[in-house]
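Trainee: As given, the protein sequences belong to chains A and B, one line each in that order. With the UniProt record's numbering applied, the first sequence has no gaps in its numbers, which climb one by one up to 68 at the end. With the UniProt record's numbering applied, the second sequence has no gaps in its numbers, which climb one by one up to 661 at the end.
No lab work stands behind these hints, which were simulated from the structure alone. We treat Cβ as the ideally placed atom computed from N, Cα and C, and that holds for glycine. It is possible that part of the hints are untrue.
Residues from chain A that keep clear of chain B, each with C-beta distances beyond 10 Å, as calculated [stated by the list, open to error]: (1) Pro2; (2) Gly4; (3) Tyr15.
Simulated restraints on C-beta separations [to be verified]: (4) A:Ile57 with B:Arg590: 47 to 55 Å; (5) A:Ile60 with B:Glu361: 35 to 43 Å; (6) B:Val222 with A:Leu37: 40 to 48 Å; (7) B:Glu361 with A:Trp7: 44 to 52 Å; (8) B:His405 with A:Glu30: 28 to 36 Å; (9) B:Gln164 with A:Leu37: 35 to 43 Å; (10) B:His149 with A:Ser11: 31 to 39 Å; (11) A:Glu30 with B:Arg552: 35 to 43 Å; (12) B:Lys382 with A:Leu42: 38 to 46 Å.
30 Å max Cα-Cα, derived DSSO-like pairs, lysine-lysine [to be verified]: (13) B:Lys338 with B:Lys382; (14) A:Lys8 with B:Lys589; (15) B:Lys525 with B:Lys382; (16) A:Lys8 with B:Lys410; (17) B:Lys469 with B:Lys201; (18) B:Lys338 with B:Lys435.
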Amino acid sequence: MPLGDCWKHLSWFYYQYLLVTALYMLEPWERTVFNSLLISVLGMAVYTGYVFMPQHIMAILHYFEVVQ
Amino acid sequence: MGVVFLRARAVTLLGGRQIRLPLISFRTSRLTLYKPRTLIFVKFRVASQSVKMTESSASKLLNGEACQRALRAKNAGKNGFVKNHCVFEHPRKYRRPAEKNQNATSNSSLYKKPFSESFEETPLLVAVLTYMGYGILTIFGYFRDFLRHWNIEKCHIAHEREQQKDFVPLYQDFENFYTRNLYMRIRDNWNRPICSVPGAKVDLVERVTHNYNWTFEHTGKVVKDVINMGSYNYLGFAENTGACAGAAIETTHTYGVGVASTRCEIGNLDIHEELEQLVARFLGVESSMAFGMGFATNSMNIPALTGKVRNLIPFLFLFCFRFLSVEEFWNSACYSLKEKQLFLQRIIYKKKKGCLILSDELNHASLVLGARLSGSTIRVFKHNNMQSLEKLLRDAIAHGQPRTHRPWKKILIVVEGIYSMEGSIVRLPEVVALKKRYKAYLYLDEAHSIGALGPNGRGVVDYFGLDPKDVDIMMGTFTKSFGAAGGYIGGRKELIDYLRCHSHSALYATSMSPPVAQQIISSMKIIMGEDGSTLGADRLRQLSENTTYFRRKLREMGFIIYGNDDSPVVPLMLYMPAKIGAFGREMLKRNIGTVVVGFPATPIIESRARFCVSAAHTREMLDTALEAISEVGDLLQLKYSRRGRPLSSLGWSSEESLLQD
Numbered sequence: 001m002p003l004g005d006c007w008k009h010l011s012w013f014y015y016q017y018l019l020v021t022a023l024y025m026l027e028p029w030e031r032t033v034f035n036s037l038l039i040s041v042l043g044m045a046v047y048t049g050y051v052f053m054p055q056h057i058m059a060i061l062h063y064f065e066v067v068q
Numbered sequence: 001m002g003v004v005f006l007r008a009r010a011v012t013l014l015g016g017r018q019i020r021l022p023l024i025s026f027r028t029s030r031l032t033l034y035k036p037r038t039l040i041f042v043k044f045r046v047a048s049q050s051v052k053m054t055e056s057s058a059s060k061l062l063n064g065e066a067c068q069r070a071l072r073a074k075n076a077g078k079n080g081f082v083k084n085h086c087v088f089e090h091p092r093k094y095r096r097p098a099e100k101n102q103n104a105t106s107n108s109s110l111y112k113k114p115f116s117e118s119f120e121e122t123p124l125l126v127a128v129l130t131y132m133g134y135g136i137l138t139i140f141g142y143f144r145d146f147l148r149h150w151n152i153e154k155c156h157i158a159h160e161r162e163q164q165k166d167f168v169p170l171y172q173d174f175e176n177f178y179t180r181n182l183y184m185r186i187r188d189n190w191n192r193p194i195c196s197v198p199g200a201k202v203d204l205v206e207r208v209t210h211n212y213n214w215t216f217e218h219t220g221k222v223v224k225d226v227i228n229m230g231s232y233n234y235l236g237f238a239e240n241t242g243a244c245a246g247a248a249i250e251t252t253h254t255y256g257v258g259v260a261s262t263r264c265e266i267g268n269l270d271i272h273e274e275l276e277q278l279v280a281r282f283l284g285v286e287s288s289m290a291f292g293m294g295f296a297t298n299s300m301n302i303p304a305l306t307g308k309v310r311n312l313i314p315f316l317f318l319f320c321f322r323f324l325s326v327e328e329f330w331n332s333a334c335y336s337l338k339e340k341q342l343f344l345q346r347i348i349y350k351k352k353k354g355c356l357i358l359s360d361e362l363n364h365a366s367l368v369l370g371a372r373l374s375g376s377t378i379r380v381f382k383h384n385n386m387q388s389l390e391k392l393l394r395d396a397i398a399h400g401q402p403r404t405h406r407p408w409k410k411i412l413i414v415v416e417g418i419y420s421m422e423g424s425i426v427r428l429p430e431v432v433a434l435k436k437r438y439k440a441y442l443y444l445d446e447a448h449s450i451g452a453l454g455p456n457g458r459g460v461v462d463y464f465g466l467d468p469k470d471v472d473i474m475m476g477t478f479t480k481s482f483g484a485a486g487g488y489i490g491g492r493k494e495l496i497d498y499l500r501c502h503s504h505s506a507l508y509a510t511s512m513s514p515p516v517a518q519q520i521i522s523s524m525k526i527i528m529g530e531d532g533s534t535l536g537a538d539r540l541r542q543l544s545e546n547t548t549y550f551r552r553k554l555r556e557m558g559f560i561i562y563g564n565d566d567s568p569v570v571p572l573m574l575y576m577p578a579k580i581g582a583f584g585r586e587m588l589k590r591n592i593g594t595v596v597v598g599f600p601a602t603p604i605i606e607s608r609a610r611f612c613v614s615a616a617h618t619r620e621m622l623d624t625a626l627e628a629i630s631e632v633g634d635l636l637q638l639k640y641s642r643r644g645r646p647l648s649s650l651g652w653s654s655e656e657s658l659l660q661d
């Protein structure tokens, strides 16, 4: 079933992420701390991008004189 | 009168060169100690005459004075470099190597068969991710140390009591940072208790931890028949049945187990004499000596060979004979003050003997410890790099000792047969050629290679087909291929006789236990074929077949494997710190016991799993192990090699193309 497959794939990716960032060696509460920090930073980056992306794109197009 | 006995006497040592070992030397005999070494520039590739120079004129040459030959040299104006007459030239063009492949090219005449070693370079992405992983662990380490310091978390490590907080600190907290915060987290991969003989299969005691590896508890169960890929059991002599074990039991009935004395006192058994004669015959040297511990063989005998040795026998003799204490001697009227000062200088505060040790970068801790204890100057050359060694030799001979520029008394090159962390084999023909040209001595530590290399199992000298008499000091251990414990040193008779009197290990350490000595005797006889069966030859052949098969298969699977193709030590690169722990645990889940190694035994990013192939492994065991390694490699994404695997990734399309042909 595709959902089970998907879950296995995600689980494998999460395991690779744990190995590469060495979170595999840390205790569960340390993993929680690191993951929450990472997610909060990424969330803030995504939100900032969402808010400011239209202005940035308009500025770039204005610079290259595609749009007045 | 005692002084008369203690005059300087010359001892012929190590190939006929006169080396004076002054027990007491007076001012007159000092002049004979420093013979100016002649420098011989032999024509090799540059068309020039061979010139014999004394030390002073050589230094003039190096300082750039006009000289016919110096003008031909490119860098005559530079101080301190002796170039262009080297035996082993640097490659002309500098190429950035994609991999450091060290096939012997220009010196192929010295090697009878191809010498292929490879140390594939670390992929850049892997290196960056490894550093990132260590960075994250370090940050969390600091965080946990902070919590421990402020008592938010219980501290399991050793620390002082509350009342002693203001005293001088007893425990260096920061030095153990790595141990506390990185090693402890994956500590369950090491020190696993074994409860059977460590043969091809071993039983492990199962243990659990409830506080993340700070303490362990035994559950009472035993994990049976774990395939043992970690023991140094190269020829499979670690067994509790068979001829060796039977002979050892007989010997225990005869001699007991403990010896209760040192070799010099009353601990010299006839079985030790038999063992030493057998070892000498096995190696092809004149004489040998066996010690109870392999590590102590290196660390206690290198100080006896180079550097200062407190020659205690004449010291004791003098003081027992005439004087009862240093004060009495000092106050006695029969010697002048000057004589007394000289005497003390020579006997008690032995001056540095002016010896040089050239040791490989990756030498074992016992060799490093022995070299440091000896007090001689140590210079390190790059691992297995003959250009680096030659440069050091030439600089040493040209410049002499650091401040005085006197010639070195002795130059000792210390190398190992197989380096156990890299799996590389020393380039012995080249080292021997260098040693002969520059008149240095060679100390070869065959801890892993004795019994495991060579068509007759006689080690790396046999593997290259060289003469054992070229190596001045052959050292080895009985721990690996012989299934026992202890070490030996072999060489000329005069050298071994000298070591019998002057080695710390012989004077102070308990001698080898009799059943252990008997195990070595029986296993060595089996390897030599003297017990009448072909068991030795079978095992040697099995080991080399297993090695070739195992290495080939691992390379084909796409792992990065270091080392020479013929060495039974197989390091498999892991790189990332979390993968060290994950690999060890996953392999144990699949019933295979492996040894994983990290910092500080290896460089910080080059952590590895080290497999030791054994003659006791059957083809099925190796196949099981290889399958498990491949599975774990896919799970952990360890197949880093970028060398292009033959057809493995093409799958069905390759088969079709073969059929079409």
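Trainee: Run every hint past the structure and note whether it holds.
Mentor: Hint check:
Distance to chain B confirms Pro2 (chain A) as a non-interface residue, since its nearest Cβ pair spans about 22 Å, more than 10 Å. Even its closest Cβ contact with chain B, about 18 Å, leaves Gly4 (chain A) beyond 10 Å, as expected for a residue assigned away from the interface. The Cβ of Tyr15 (chain A) sits about 8 Å from the closest Cβ of chain B, inside the 10 Å cut-off, so the non-interface label is violated. The hinted window of 47 to 55 Å between Ile57 (chain A) and Arg590 (chain B) holds, with their beta carbons roughly 53 Å apart.
Here the CB-CB span from Ile60 (chain A) to Glu361 (chain B) is close to 53 Å, at odds with the stated 35 to 43 Å. Range check, Val222 (chain B) to Leu37 (chain A): about 43 Å between beta-carbon atoms, so the 40 to 48 Å window is met. Taken as a hint, the range 44 to 52 Å holds for the pair Glu361 (chain B) and Trp7 (chain A), whose Cβ atoms sit roughly 49 Å apart. With their beta carbons about 59 Å apart, His405 (chain B) and Glu30 (chain A) fall outside the hinted range of 28 to 36 Å.
Between Gln164 (chain B) and Leu37 (chain A) the beta carbon distance is about 37 Å. The supplied range of 35 to 43 Å therefore holds. A hinted range of 31 to 39 Å for the beta carbons of His149 (chain B) and Ser11 (chain A) is consistent with their spacing of about 37 Å. As the Cβ distance of Glu30 (chain A) to Arg552 (chain B) is approximately 42 Å, the hint placing it in 35 to 43 Å holds. Taken as a hint, the range 38 to 46 Å holds for the pair Lys382 (chain B) and Leu42 (chain A), whose Cβ atoms sit roughly 44 Å apart.
The straight-line distance between the Cα atoms of Lys338 (chain B) and Lys382 (chain B) is roughly 46 Å, outside the 30 Å bound, and the hint therefore fails. Of the pairs offered as hints, the one joining Lys8 (chain A) and Lys589 (chain B) holds, with about 20 Å between alpha carbons and a cut-off of 30 Å not exceeded. With a C-alpha separation of about 37 Å, the suggested pair Lys525 (chain B) and Lys382 (chain B) falls outside the 30 Å cut-off, and the hint is violated. Between the alpha carbons of Lys8 (chain A) and Lys410 (chain B) the distance comes to roughly 65 Å, so the proposed pair goes past 30 Å and is violated.
The suggested pairing of Lys469 (chain B) with Lys201 (chain B) is violated, with an alpha-carbon distance near 39 Å, which exceeds 30 Å. Taking the CA atoms of Lys338 (chain B) and Lys435 (chain B), the gap is near 41 Å; set against the 30 Å cutoff, the hint is violated.
Consistency with the previously given hints fails for numbers 3, 5, 8, 13, 15, 16, 17 and 18, ordered from lowest to highest.
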